[in-house]
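Asks: Let chain A serve as the given structure and place chain X on it in line with the hints.
Chain by chain, the residues run as shown.
There are 2 protein chains.
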Amino acid sequence: MGLLRKYDEIDLRRIPAGTIKIDCLGAYIANDHLIRGNVSLLSTPSPSPPTSDESLSDEEESPTKDAKNANITLPKHNSEVIHISVDIGGTLTKLVYFTASLATGKRAGGKLHFRDFQTGSFEDEALQFMIQLVRESMLKKHCLPITYIISTGGGAHKFSKLMTSTFAKNKLPMQIVKKDEMECLIKGLDWLITKIPNEIFTYDLEKDNIRFNTSPVTEKDIYPYLLVNIGSGVSMIKVTGPGPSGFERIGGSSLGGGTLWGLLLLLTDAQDYNEMLEMAQRGDNENIDLLVGDIYGTSYNKIGLKSNHIASSFAKVFKKLRFNQLGKKLTTAEKLANFRQEDIARSLLYLVSNNIGQIAYLQARRFGLKRIYFGGSYISGHMQTIHTLSYALNFWSNGEMQSYFLRHEGYLGSVGAFMMGPNGVKPSNGTA
Amino acid sequence: MGLLRKYDEIDLRRIPAGTIKIDCLGAYIANDHLIRGNVSLLSTPSPSPPTSDESLSDEEESPTKDAKNANITLPKHNSEVIHISVDIGGTLTKLVYFTASLATGKRAGGKLHFRDFQTGSFEDEALQFMIQLVRESMLKKHCLPITYIISTGGGAHKFSKLMTSTFAKNKLPMQIVKKDEMECLIKGLDWLITKIPNEIFTYDLEKDNIRFNTSPVTEKDIYPYLLVNIGSGVSMIKVTGPGPSGFERIGGSSLGGGTLWGLLLLLTDAQDYNEMLEMAQRGDNENIDLLVGDIYGTSYNKIGLKSNHIASSFAKVFKKLRFNQLGKKLTTAEKLANFRQEDIARSLLYLVSNNIGQIAYLQARRFGLKRIYFGGSYISGHMQTIHTLSYALNFWSNGEMQSYFLRHEGYLGSVGAFMMGPNGVKPSNGTA
Numbered sequence: 033m034g035l036l037r038k039y040d041e042i043d044l045r046r047i048p049a050g051t052i053k054i055d056c057l058g059a060y061i062a063n064d065h066l067i068r069g070n071v072s073l074l075s076t077p078s079p080s081p082p083t084s085d086e087s088l089s090d091e092e093e094s095p096t097k098d099a100k101n102a103n104i105t106l107p108k109h110n111s112e113v114i115h116i117s118v119d120i121g122g123t124l125t126k127l128v129y130f131t132a133s134l135a136t137g138k139r140a141g142g143k144l145h146f147r148d149f150q151t152g153s154f155e156d157e158a159l160q161f162m163i164q165l166v167r168e169s170m171l172k173k174h175c176l177p178i179t180y181i182i183s184t185g186g187g188a189h190k191f192s193k194l195m196t197s198t199f200a201k202n203k204l205p206m207q208i209v210k211k212d213e214m215e216c217l218i219k220g221l222d223w224l225i226t227k228i229p230n231e232i233f234t235y236d237l238e239k240d241n242i243r244f245n246t247s248p249v250t251e252k253d254i255y256p257y258l259l260v261n262i263g264s265g266v267s268m269i270k271v272t273g274p275g276p277s278g279f280e281r282i283g284g285s286s287l288g289g290g291t292l293w294g295l296l297l298l299l300t301d302a303q304d305y306n307e308m309l310e311m312a313q314r315g316d317n318e319n320i321d322l323l324v325g326d327i328y329g330t331s332y333n334k335i336g337l338k339s340n341h342i343a344s345s346f347a348k349v350f351k352k353l354r355f356n357q358l359g360k361k362l363t364t365a366e367k368l369a370n371f372r373q374e375d376i377a378r379s380l381l382y383l384v385s386n387n388i389g390q391i392a393y394l395q396a397r398r399f400g401l402k403r404i405y406f407g408g409s410y411i412s413g414h415m416q417t418i419h420t421l422s423y424a425l426n427f428w429s430n431g432e433m434q435s436y437f438l439r440h441e442g443y444l445g446s447v448g449a450f451m452m453g454p455n456g457v458k459p460s461n462g463t464a
Numbered sequence: 033m034g035l036l037r038k039y040d041e042i043d044l045r046r047i048p049a050g051t052i053k054i055d056c057l058g059a060y061i062a063n064d065h066l067i068r069g070n071v072s073l074l075s076t077p078s079p080s081p082p083t084s085d086e087s088l089s090d091e092e093e094s095p096t097k098d099a100k101n102a103n104i105t106l107p108k109h110n111s112e113v114i115h116i117s118v119d120i121g122g123t124l125t126k127l128v129y130f131t132a133s134l135a136t137g138k139r140a141g142g143k144l145h146f147r148d149f150q151t152g153s154f155e156d157e158a159l160q161f162m163i164q165l166v167r168e169s170m171l172k173k174h175c176l177p178i179t180y181i182i183s184t185g186g187g188a189h190k191f192s193k194l195m196t197s198t199f200a201k202n203k204l205p206m207q208i209v210k211k212d213e214m215e216c217l218i219k220g221l222d223w224l225i226t227k228i229p230n231e232i233f234t235y236d237l238e239k240d241n242i243r244f245n246t247s248p249v250t251e252k253d254i255y256p257y258l259l260v261n262i263g264s265g266v267s268m269i270k271v272t273g274p275g276p277s278g279f280e281r282i283g284g285s286s287l288g289g290g291t292l293w294g295l296l297l298l299l300t301d302a303q304d305y306n307e308m309l310e311m312a313q314r315g316d317n318e319n320i321d322l323l324v325g326d327i328y329g330t331s332y333n334k335i336g337l338k339s340n341h342i343a344s345s346f347a348k349v350f351k352k353l354r355f356n357q358l359g360k361k362l363t364t365a366e367k368l369a370n371f372r373q374e375d376i377a378r379s380l381l382y383l384v385s386n387n388i389g390q391i392a393y394l395q396a397r398r399f400g401l402k403r404i405y406f407g408g409s410y411i412s413g414h415m416q417t418i419h420t421l422s423y424a425l426n427f428w429s430n431g432e433m434q435s436y437f438l439r440h441e442g443y444l445g446s447v448g449a450f451m452m453g454p455n456g457v458k459p460s461n462g463t464a
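Protein sequences appear in the order of chains A and X. Per the working numbering: the first sequence = residues 33 to 464. Per the working numbering: the second sequence = residues 33 to 464.
Simulated from the structure, these hints should not be mistaken for laboratory data. These numbers were taken from a predicted model, which means no experiment stands behind them. Be aware that a few hints might be false.
Note that identical chains are pooled: a pair holds if it fits in a single copy or bridges any two copies.
To be verified - Below 30 Å or equal to it, Euclidean Cα-Cα: the simulated DSBU-like pairs (lysine-lysine) are:
| hint | residue 1 | residue 2 |
| --- | --- | --- |
| 1 | Lys402 | Lys210 |
| 2 | Lys190 | Lys270 |
| 3 | Lys108 | Lys352 |
| 4 | Lys402 | Lys270 |
Bound conformation, chain A alone:
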């Protein structure tokens, strides 16, 4: 604590909480090549933006570097940022924070950083990281310290007391501001769509590659759309315009990332979500799923079902176990030995993704929506997931709906909360 400025040195009243606005002129994604899977297929990789030789960013001061998620450079934002944002989901907690850059000793814009943590270890990981960020901000001479946590997501309420008491215990004068989850998602998505070049991309099913939207879309051209946010579970939000009156949660599904991960934890040796996605990449679902051709011996042309269409997910498990070990009572390990883990992973990835694609189509159809944005950490930039969601939506809509994806797909809520900031909140004079 010796290095920290003392409590009474921090005068919250001088911090202009009501006027903070993020200047995103000239914003761009700082590093690239982030889409996992068939990275070689990227058709139009965004060019590396020029970086000033003079720039002496102090982002290295942050506790760990964000390897997984590309920073967003805000070259023109030079006003004070006194908040960080946190979106506490069912499985993952997503953090967004800003660091200012210096050029020849002067402020020269800054960067947005993106970090995720397990919600299950919230107290030990995400909260400790926030405390570190706040402490470091107090050491910086050229910036005001962080004094606001803008919190959203399902856990914002649940972890509110824990955050308050922990900051107080650490003698950090933080104020925690809760924001509505859905509003943050939409706010974040709108910001990413309209402000960040190369943030949004689509999957070209004919050429089997992805295409970036090199120019952001202006606000008047983005509505209406459907946001399908896939975290542990799935939320579907119809958006017809900006602001709180412009959106409505119209549905969802309990089959999301938590389902895929939960089942694959039990059925495979994958140690983390990415390992599981990589397994799926190498798998073949035809060894697990019953295809139309397996039942009909051919396609069922009368109703337009191709022979390679999945008729029943996982239905070959029964057939294989029945024939290989008729009558024997097998252990789970013996049963699983009949199948490749990669095939199981692929089958489940298809199951969840196809299902979400179909429900998204049906929900979008109800309201005549043609643009579907898929967000949430479920996707994790994984090409096979992106392809499957695109394929399913295209299949069901007969090509009439377009899927869109995002580079920062997991951070919609935390970006939205960050952009809302502490504006309008009355400073609490240091009581957390």
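Replies: Showing chain X alone in chain A's frame:
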């Protein structure tokens, strides 16, 4: 073969294939108490119909008794029946056949029988059973022998050659007539709705019990409706009127009975589908699924999500494994030891049933359909499944749609094929 009438004694030309019509006047379900699960909750059990003391049915001649599926008595049907029907699905093969009854030596109606077999053992089980039925029919003095197989379902094409060659090898002069799967489903459903009292029932969500439709509905009152047929996979068929022009397959899902059974075979010790359903009956999904309350600490009233609503199926698996065995590399058995099999079964039953309920709602909404019939062997008369499907449809439609279920839910296709019969088929003079 000694007991069989000889080939040349059977003159197919004298069999009136073009005029067979099933007389269903006074038809009723022969035995009752078939709904598994909370059988004590049945509100209006259909009365046992009177049986004539004189009746000397010869149904005991059939190879095994159909314990699982209630016969349908056809007291007035006395004309010849020379066919059986078979619906060959991805997992199950469903057979319907007729036996005549005798009273004081005279024909006194008869009974429809329902049997299912594993499609995976088609040649050894279903086909052998059919051969036995045909041979027995040749021994009966008062009836014509069976000479037609009306076949439908995905496997009707795939197993066509095998059936033809096997009957020929057994010197049985059978003719196999293929019928369209969807048409049979609808035909069978329409027949059961309009002809059989106590066949259709609904689930009363307030009183938590089921109600039988004691009187069949007349044909003009049943359309339009949506049939959701849940076998290995799911087919959804919009029906606006009788006949082939009155229906259209509008969608489906690969998450069906094959998915539930495949996953539970791997994750539990259940040896058959019924054992798995009974497991689910005793389970508690709150140990497996992440509920809204687990994430929010409370309900999310703003969007109408109650705290006991499932936010993410299976998402507690990750949380539990993470905290119980942090960092250790576990075998599948060690991982599964953290969970009760019953809880896993219940969670998966909810997952599949809720998902089907939601997609059914969305599909029905597209076409303004208010009546949804759930058929297929997935349900197997299991109360929890029936409750979950009813609940999901009621939840999503705000009570505006009504779910209907059937006693012979797995036999729609084979009943339809049976009712269509060999009508209009030109006899082939004994060449199979």
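Asks: So which of those numbered hints doesn't the model satisfy?
Replies: Numbers 1 and 3, in rising order.
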